[in-house]
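Chains as they are written, first to last, in this note's numbering: chain E, 338 to 447; chain P, 247 to 360.
Hints were generated in silico from the structure; no laboratory data involved.
Ideal Cβ placement from N, Cα and C applies to all residues, glycine included.
Keep in mind that the hints are not guaranteed to be accurate.
[Unchecked claim] Using 27 Å as the maximum straight-line C-alpha spacing, the simulated BS3-like pairs for lysine-lysine come out as follows:
(1) P:255 to E:379
(2) E:434 to E:359
(3) E:405 to P:255
(4) P:260 to E:374
(5) E:395 to E:379
(6) E:394 to E:359
(7) E:374 to E:359
(8) E:359 to E:405
(9) E:374 to E:434
(10) E:395 to E:374
(11) E:434 to P:255
(12) E:394 to E:374
[Said to hold, decoys possible] Part of the chain P face toward chain E, derived, beta carbon under 10 Å:
(13) 252
(14) 279
(15) 281
(16) 286
(17) 289
(18) 304
(19) 336
(20) 344
In case you want the letters, here they are:
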Amino acid sequence: GENVEQHPSTLSVQEGDSAVIKCTYSDSASNYFPWYKQELGKGPQLIIDIRSNVGEKKDQRIAVTLNKTAKHFSLHITETQPEDSAVYFCAASIRGKLTFGTGTRLTIIP
Amino acid sequence: NAGVTQTPKFQVLKTGQSMTLQCAQDMNHEYMSWYRQDPGMGLRLIHYSVGAGITDQGEVPNGYNVSRSTTEDFPLRLLSAAPSQTSVYFCASSSGGSMNTEAFFGQGTRLTVV
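Chain E on its own, in the form it takes in the complex (with noise of 0.2 Å):
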């Protein structure tokens, strides 16, 4: 089946700067990749996705590049605000499941 493998798995930025978090995936028939923000005591909730037949996607101060080549995808955030403090996830989709990596817990120090 699919593995997908997330980096960093914590991650500190001064507030104001970027955060960039990266995945893996290891089946090339995947076509969907979705980023998931999890805050505390709630459940995961989408903030960007990523279909296999573009590049790259921006929203506001997000981003998210995918190179099939390489079967990698990653998140960008700019400009970080405290609120952005959370879990982050990737997943992949294949035939319809999604399989998702680890999370990163990101931090942002005011």
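Add chain P to chain E, keeping to what the hints say.
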């Protein structure tokens, strides 16, 4: 907008007990699924359903049963609870017949088996 509602939020069980985790969605989504979340392991798929009357196993189905008699409800049954089932459980739903669109998650059920 209720979205995905899970009950209960917290539960403590003794080893060998059985219970049902409830999940309901009001978005008329065809696809529903159950995940468990353990430290350092992300979310792992337990069971999923692509529509009423149709269920299938995910990555970690042992010890769990599901049924889907209506579009709205997708309960997860623990047949004989074990300490290894201590986890946070999330129910999710999405439109269409797969997770290739935005998935909406419930708030989770924190289960402890002693």
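Here is how each hint holds up against the structure:
1. Restraint check: the Cα-Cα separation between residue 255 (chain P) and residue 379 (chain E) comes to about 11 Å, which is no more than 27 Å; the hinted pair holds.
2. A distance of roughly 20 Å separates the Cα atoms of residue 434 (chain E) and residue 359 (chain E); the hinted pair therefore holds under the 27 Å criterion.
3. Taking the CA atoms of residue 405 (chain E) and residue 255 (chain P), the gap is near 39 Å; set against the 27 Å cutoff, the hint is violated.
4. The suggested pairing of residue 260 (chain P) with residue 374 (chain E) is violated, with an alpha-carbon distance near 32 Å, which exceeds 27 Å.
5. Proposed proximity of residue 395 (chain E) and residue 379 (chain E) is supported: the alpha carbons are some 25 Å apart, at most 27 Å.
6. Pair hint residue 394 (chain E) plus residue 359 (chain E) holds up; C-alpha atoms about 15 Å apart against a cutoff of 27 Å.
7. About 14 Å separates the Cα atoms of residue 374 (chain E) and residue 359 (chain E), which keeps this hinted pair within 27 Å; it holds.
8. Between residue 359 (chain E) and residue 405 (chain E), the direct Cα distance comes to roughly 14 Å. Compliance with the 27 Å bound is thereby established for this hinted pair.
9. Straight-line distance between C-alpha atoms of residue 374 (chain E) and residue 434 (chain E) comes to about 19 Å, which keeps the hinted pair within the 27 Å bound.
10. A hinted pair counts as satisfied when its Cα atoms are at most 27 Å apart, and residue 395 (chain E) with residue 374 (chain E) qualifies at roughly 16 Å.
11. Distance hint between residue 434 (chain E) and residue 255 (chain P) is fulfilled; the C-alpha atoms sit about 25 Å from each other, no more than 27 Å.
12. Distance hint between residue 394 (chain E) and residue 374 (chain E) is fulfilled; the C-alpha atoms sit about 17 Å from each other, no more than 27 Å.
13. Restraint check, residue 252 (chain P) versus chain E: the minimum CB separation of about 8 Å is within 10 Å; hint holds.
14. Of the supplied interface hints, the one on residue 279 (chain P) holds, with its beta-carbon coming within about 8 Å of a beta-carbon of chain E, less than 10 Å.
15. Taking 10 Å as the C-beta cut-off, the interface hint given for residue 281 (chain P) holds, the closest approach to chain E being about 8 Å.
16. The interface hint given for residue 286 (chain P) is met, as the beta carbon of that residue sits about 6 Å from the closest beta carbon of chain E, less than 10 Å.
17. Of the supplied interface hints, the one on residue 289 (chain P) holds, with its beta-carbon coming within about 4 Å of a beta-carbon of chain E, less than 10 Å.
18. Checking residue 304 (chain P) against chain E: minimum C-beta separation of about 7 Å stays under 10 Å; hint holds.
19. Interface hint status for residue 336 (chain P): upheld, as the beta-carbon distance to the closest one in chain E is roughly 5 Å, under 10 Å.
20. A least Cβ separation of about 3 Å between residue 344 (chain P) and chain E falls short of the 10 Å threshold, and the interface hint therefore holds.
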